[in-house]
Structures are given as C-alpha cells and as structure tokens.
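Novice: Okay, here's what each chain looks like letter by letter:
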Amino acid sequence: MSLSTTLTDTAQIVTVNAERIDAAMAIQFKEDMRAETEGGHDRVILDLSSVEFIDSSGLGAIVAAMKQLGGGRQLDLAGLSPMVEKVFRLTRMDTVFKLYATLDEATAADGR
Amino acid sequence: MVETFACSFQATELSARDGIGSVVSKLRDLGVSEARAGEVQIALAEAVNNVVEHAYAGRTPGDVRIRCNLDNDQLWINIWDAGLPLPDNSLPPGNPADISGPIADLPEGGFGWFLIRELTSDIQYQRTNGSNELSLCFEIELKNR
Numbered sequence: 005m006s007l008s009t010t011l012t013d014t015a016q017i018v019t020v021n022a023e024r025i026d027a028a029m030a031i032q033f034k035e036d037m038r039a040e041t042e043g044g045h046d047r048v049i050l051d052l053s054s055v056e057f058i059d060s061s062g063l064g065a066i067v068a069a070m071k072q073l074g075g076g077r078q079l080d081l082a083g084l085s086p087m088v089e090k091v092f093r094l095t096r097m098d099t100v101f102k103l104y105a106t107l108d109e110a111t112a113a114d115g116r
Numbered sequence: 013m014v015e016t017f018a019c020s021f022q023a024t025e026l027s028a029r030d031g032i033g034s035v036v037s038k039l040r041d042l043g044v045s046e047a048r049a050g051e052v053q054i055a056l057a058e059a060v061n062n063v064v065e066h067a068y069a070g071r072t073p074g075d076v077r078i079r080c081n082l083d084n085d086q087l088w089i090n091i092w093d094a095g096l097p098l099p100d101n102s103l104p105p106g107n108p109a110d111i112s113g114p115i116a117d118l119p120e121g122g123f124g125w126f127l128i129r130e131l132t133s134d135i136q137y138q139r140t141n142g143s144n145e146l147s148l149c150f151e152i153e154l155k156n157r
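Order-wise, the sequence lines are chains A and B.
Residue numbering for the first sequence follows our numbering, beginning at 5 and increasing consecutively.
Residue numbering for the second sequence follows our numbering, beginning at 13 and increasing consecutively.
Next up, chain A with everything else stripped away, as it sits in the complex:
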C-alpha cells in the first residue's frame, strides 16, 4: 500500500497512491495509516483522489484508521469518486466523516 504525506500549517494530508482499497489490502492500509499518522496534526485529510473502488473491507479499514487516531484528532476524506462516495452514502458513513469533493475544498475548509 503506498501512502504519502504532505504537511500544511494546520493539517496532515495523506494521499492514497492506489486505485483500490479492498479486502486484499485493507489490513495493510490500516497498518500503514497507523505508521503514517503517528503524532502530527490533529486534523488528517485522507486524499482518495486516485481511489476508484472500495469495498466494505476498505470502508472498515478507513473507519479503523479514524478510530486509531484517538480522541481529539479527526480524519476527513477528500476526492471521493462516485463509486467510493456511493459506499459511504449507502452505509450512512457519510454522516460520520466529513467528505469533500476535492482536496482543495478540504484544505480550504478548517475542518470544524
């Protein structure tokens, strides 16, 4: 699983450099997210612009990534493709995460 990080003044942007977060890579994603987000800003923006597909394992791994950030830190999601957004909407997880259509919109918002 390839993740890369960019730091802004107020947030850490973690970009997923993969087309899918599915059952085959969900566990790796969760572990890599833990390593990538250890310490750092309270606000983490997960840039999903390259991701075309997630399944329920991938969704579960993103939920796990938010939970392991711990209290006081938040995980926002940016750049959701229509299919990825559909999975969040159907499971009502769009009410749990802040979703932004693009990374620019996510960084322009202060997250609160």
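One or more hints might be untrue.
[Unchecked claim] Straight-line alpha carbon distances no greater than 25 Å define the calculated SDA-like cross-link-like pairs of lysine to any residue that follow:
1) A:Lys-90 x B:Ala-94
2) B:Lys-38 x A:Ala-22
3) A:Lys-90 x B:Asn-101
4) B:Lys-38 x A:Lys-102
5) A:Lys-90 x B:Cys-149
6) A:Lys-90 x B:Asn-90
7) A:Lys-90 x B:Glu-120
8) A:Lys-90 x B:Ile-152
9) A:Lys-90 x B:Gln-138
10) B:Lys-38 x A:Ser-85
11) A:Lys-90 x B:Ile-91
12) A:Lys-90 x B:Ser-37
13) A:Lys-102 x B:Leu-131
14) A:Lys-90 x B:Glu-130
15) A:Lys-71 x B:Trp-125
16) A:Lys-102 x A:Ser-6
17) A:Lys-102 x B:Asp-110
18) A:Lys-71 x B:Gly-113
19) A:Lys-102 x B:Ala-109
20) A:Lys-90 x B:Pro-105
21) A:Lys-71 x B:Gly-121
22) A:Lys-71 x B:Asn-107
23) A:Lys-90 x B:Asp-85
24) A:Lys-90 x B:Trp-125
25) A:Lys-71 x B:Phe-126
26) A:Lys-90 x B:Pro-114
27) A:Lys-90 x B:Ile-111
Simulated from the structure, these hints should not be mistaken for lab results.
Assemble the complex: chain A is given as a structure, and chain B must be docked to it using the hints.
Specialist: This is chain B only, laid out in the frame that chain A set:
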C-alpha cells in the same frame, strides 16, 4: 437480446479482484453504464468476498464460478462455490450497521450483506449437494438501444 458469459477463479482475495474486474469490464462492453456497472461491482465484490472469507474459511480455497445473464432490462449473476453453507442455510438479513454510538464504537465490518441487499432487486440462495448458489438480480438499462 440475451448475453451469457461466465468465468471462474480460485477463491483468494487477489484472484477474486481479477475475476470481478473481468465481469465488470464485460458488462461495460455490453452497454451497461459506468455508474450501474460500478454498483454491480460493489455488490459482486461483497458476495465474492464472503465466499473467500467465510465459505472457504480455514480450508484450501476452492473455486468460485460466476455466470451472468444480461437481457434488455435485467442482469442475473449466479455465483457458485463448494465451501461452507451460509449460517442456517439462509440469506442473512443484512441490517444496516449501527453507527449511532461514539467514534470508538463504530463498526469496522458487517456492511456486506446490507450493501448487497441495497444494490440488488432480488436475491436467491440455494444449497445443493455441497454447493452454494447465490443469485443476484439487478435492473439494468442498456445504453444505445
């Protein structure tokens, strides 16, 4: 017009990914819209993941066979495996996961059957001679027809 096509693959996560990808790309070739093919992909991936993770749990992965029947307004996808039956030999209810609690209590799984039920118009399940047959139906509008 009725189009029938089939594929089979070993029940591993990576082979399943390729098998599902080949079905979805065939559907696009046959005129299923990008959005609808995406929804079929979500449901099919959940159904096949269940076979990989549960039906063949703890045993040598067997085969998954898929046959698709596409006519002018419906797609039926039949999925066979030779693994364990569904619990109680019946389809799980697929209730929505409870996301009302605090973040620390959010579910990290249990979304699969809910997604399958949300995205299909009909589901059938049969256990026959040691095989599972799961049939998923989708309403389809073909492009350019």
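Novice: Find the hints from earlier in the document that the structure breaks and name them by number, from lowest to highest.
Specialist: 1, 3, 4 and 9
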